[in-house]
Amino acid sequence: MFNPFNEDTIAAISTPPGKSAIGIIRLSGKDAFKITASVFKGKDPAECESHTIHFGHVVNSENQLIDEVLVSVFKAPKSYTGEDVIEISCHGSTYILSEIMKLLCSKGARPARPGEFTLRAFIHKKIDLAKAEGIADMIDSESKAAHQLAVQHIRGGFSEKINNLRGELLNILTLFELELDFAEEDVEFATNSQLLEIVDRVEKEVNFLCNSFHLGNVLKKGVSVVIAGRPNAGKSTLLNALLNEERAIISEIPGTTRDFIEDVININGIDFRFIDTAGITKTSDWIEQKGIEKTYEKIETADLLIYLFDINALSPEELLEDLKNIGQTERLIVTGNKTDKTDEDKVKEISELLREHNFTSVFISSKFHHHLDELKNILQQKLNPEKYAGEVTIVSNIRHYQLLKEINENISEVRQQIASGISKDLIALNLRTITNLMGEITGQITTEEVLENVFSRFCIGK
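Here my numbering runs 1 ahead of the position in the sequence shown, where the first position is 1.
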């Protein structure tokens, strides 16, 4: 059963499974030094200064050498977990790591659960819950953008903002509750207009954080970009050009791509996941029709959509009809392909037509890689990252987003209560709900279920 407050001494291999030059085993808890000393031939960790490293040997119960190791000592409370911590650096043999773990457990350590070291850091108030989730995001980050989001949360920018907003509401809530205690004396410690001023400020900040979630989420997970269009528009050629490799099947036969082909490229620190889809056309082929239905499903869920068309094959009327059927103006980049086979006047004519209908457009030759950089720039611009430039806090965690939405709903209710002149004791109840929800974000108010959900995301050893 999950118990976040146990006092066991825990141990885990902190390096990834498999053979490597170096492996690390981490221990944390009140007996970490004693357990290590029982298997380590070297200086007793209890006698070492904190944040020092010591050479020695790990031996088994028969005093046989397991490995030469370095032992790093971190004394409570100045350690990652806030407890006594040991890190044993050994050779990265799976056998050696396994043998050392067996020894430590035979001396009283318990194998750690996923995220248990970071859970203990939270319990000992080394970090709050939002920062802990930032650490998980840091480990999972696969792009510069995802890494920067995680760093922002680890540094506490998001937590600080939430705590400041919560502090403002708690201050006026205290005055409201104090006023209720002196109800018979008819005194007023805070006015509704003062509350409304704070509510306006909190609502503005919470709205901004909620609105940032779409960008934060796609930056963390990667931006899904569907490449759609009629058969033989050059979708697979474009995907290959973007990836700089022969990944998709290229053929003159319409409808060659029936299965989705996906791959990721990084553009200026942001992962874009490109999805090549079946050509959209009228067909009697049952399998091809199913592929087209799946294409429309992908279009609906994509973050961005490249509608690719052969500039030489479609009339303006056919193009506009296709775009009407697609109907994704905000997320859509209309991309004219095969400019190497047409003249500039035709490109200009279609460009002006698309501009008149407020479409974002670009004209390329995927075969010769013409203007692909322009397409990449437009993909980035569609995310509108400038709105969140600088030190602005961006929400990327679904748990935070859901709590912020709930906060917003309660703020709206408070606003309605103020407008209707309802009694302050009822307003105070909603204010308390809002501050509790904010406390859930940072972990000041939490449950074992929430903690288990958050820390089970981590790998063992972190």
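Be aware that one or more of the hints could be misleading.
Pairs of lysine-lysine residues, derived as BS3-like cross-links and limited to a Cα-Cα distance of at most 27 Å, are as follows [what the hints assert, rightly or not]:
hint	residue 1	residue 2
1	K145	K299
2	K377	K342
3	K349	K325
4	K79	K35
5	K20	K108
By construction, these hints were calculated from the structure, which means they are not laboratory data.
So, going through the hints one by one against the coordinates:
1. A threshold of 27 Å between alpha carbons decides the hint, and for K145 with K299 the separation of about 26 Å falls inside it, so the pair holds.
2. Restraint check: the Cα-Cα separation between K377 and K342 comes to about 22 Å, which is no more than 27 Å; the hinted pair holds.
3. Using a Cα cut-off of 27 Å, the hinted pair K349 and K325 holds, with the two alpha carbons roughly 21 Å apart.
4. For a cut-off of 27 Å, the pair hint linking K79 to K35 stands: about 18 Å separates their Cα positions.
5. Straight-line distance between C-alpha atoms of K20 and K108 comes to about 26 Å, which keeps the hinted pair within the 27 Å bound.
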